[in-house]
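Taking the working numbering, the leading residue of the sequence shown gets 245, the next gets one more, and so forth.
Treat the hints with caution; some may be incorrect.
With a straight-line Cα cutoff of 30 Å, these simulated DSS-like cross-link-like pairs (lysine-lysine) come out [said to hold, decoys possible]:
id, residue 1, residue 2
1, K333, K279
2, K340, K357
3, K333, K357
4, K340, K279
5, K357, K246
Treat the hints as calculated values from the structure; they're not laboratory data.
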Amino acid sequence: MKITTLPPSPDTDPLRTALNSTDVILDAIFGFSFKGPIRPPFDEALPILAQSGLPIVSVDIPSGWDVEQGNNAGVGLNPDVLVSLTAPKEGVREFKGRHFLGGRFIPRTLEEKHVLNLPSYPGAEQIVELPSADSSLKL
């Protein structure tokens with residue numbers, strides 16, 4: 245697989261150029277431990293990604309979102325798809341795109357102890373789609 249990556253740089257032109265030949269953005273820039281404010285060069289890169297018009301798929305939590313407070317600063321990406329790992333994070337309660345949960349890693353006893361309210365996975369599936377914030381179905 246030939247996936248082009250961009251070296252770290254304060255220059256945003258290579259990012260803009262790369263987006264011209266991109267079909268989708270896979271957002272895994274920050275992890276769930278992210279705490280703002282967004283620092284350079286990401287403070288310039290995130291708006292470029294958001295304004296690209298390309299579909300965005302975020303892993304675990306959208307970049308720029310606080311794991312507990314969500315996109316309260318209004319500077320995070322607003323992806324079309326979110327793939328949460330292990331359990332949905334508190335900060336994505338109002339996420340409105342398609343939301344998937346990947347991995348069945350948490351033992352039932354731990355899930356019950358922390359009242360995680362995880363969905364059932366059909367058969368041997370490792371991923372399940374969650375209802376959106378717009379849905380009347382809530383976990």
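Comparing the hints with the structure gives:
1. K333 with K279: holds, 14 Å
2. K340 with K357: OK: K340 and K357 at ~28 Å, within 30 Å.
3. K333 with K357: Between K333 and K357 the Cα gap is close to 17 Å, so the pair holds against 30 Å.
4. K340 with K279: With a Cα-Cα distance of about 22 Å, the restraint between K340 and K279 holds, given a limit of 30 Å.
5. K357 with K246: Not satisfied, since the Cα-Cα distance of roughly 44 Å exceeds 30 Å.
When the structure is compared with the earlier hints, a violation turns up for hint 5 alone.
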